[in-house]
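Asker: The residues making up each chain are set out below.
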Amino acid sequence: AQSVTQLGSHVSVSEGALVLLRCNYSSSVPPYLFWYVQYPNQGLQLLLKYTTGATLVKGINGFEAEFKKSETSFHLTKPSAHMSDAAEYFCAVHNAGNMLTFGGGTRLMVKP
Amino acid sequence: DTGVSQDPRHKITKRGQNVTFRCDPISEHNRLYWYRQTLGQGPEFLTYFQNEAQLEKSRLLSDRFSAERPKGSFSTLEIQRTEQGDSAMYLCASSLIATGNTIYFGEGSWLTVV
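Which chain is which? The protein sequence lines are R and X, in order.
The numbering used here numbers the first residue of the first sequence as 127 and each following residue consecutively.
The numbering used here numbers the first residue of the second sequence as 4 and each following residue consecutively.
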């Protein structure tokens, strides 16, 4: 069975600093991996996804993530945080049963 | 806007009452999913449809929950005899089989049981 672990339920960075949100997964098959963002009282918006091919994937709003099979990781980064990046971020793995399994989420806070 | 649409966005109900949520997926998306999300947690899978067929149900989906997608388009999720533990956001999502690994979510329906 697939599972996702997000290290750090809360991450705080200063505006302009590097954002790093960690995600590790377990999967018995080659995984499809996703990052979603959720703003307060809203649904989930797809940031980026990895299926096959290039292991560094770029998403919206300047985010990117790198698939590292040897480390079973799919960490999300952004070079320079903006106040508008404050939100909840979810890593997810798409499993053979055609649904997503989510991690517990990481709340990103951006300090001015 | 041609995204996933959910209605109502917010529902407050008394314990023991029945509630129904509706989801309209992205046009021509043949897979439709229901998830539940409680405060501070990630979404948890409830059930999914491929066209009108309900192909999988989570153990989270007790007998009080029923989902339908009668014509393979919109879907409804009904909760009977609501309990306070049912308070959560119910998220609907859809995908296209041809690109089945990308699932798009709606804005969610918040349920508060008092």
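For the record, the hints were derived by calculation from the structure and aren't laboratory data.
These numbers come from a predicted model, not from an experiment.
Heads up, a few of these hints could be off.
Claimed, not checked - Only pairs whose alpha carbons sit at most 25 Å apart, straight line, appear in this in silico SDA-like list of lysine to any residue:
(1) K175/R - G43/X
(2) K175/R - N104/X
(3) K14/X - L144/R
(4) K175/R - Y107/X
(5) K237/R - G43/X
(6) K195/R - K237/R
Asker: It remains to establish, for every hint, whether it holds in the given structure.
Answerer: Status of each hint after checking the structure:
1. K175/R - G43/X: With Cα atoms ~23 Å apart, K175/R and G43/X stay inside 25 Å; holds.
2. K175/R - N104/X: With a Cα-Cα distance of about 9 Å, the restraint between K175/R and N104/X holds, given a limit of 25 Å.
3. K14/X - L144/R: Violated, because 39 Å separates the two Cα atoms, which is more than 25 Å.
4. K175/R - Y107/X: Roughly 12 Å separates the two Cα atoms, so the pair holds.
5. K237/R - G43/X: This hinted pair holds, its Cα atoms lying about 21 Å apart.
6. K195/R - K237/R: Roughly 33 Å separates the two Cα atoms, so the pair is violated.
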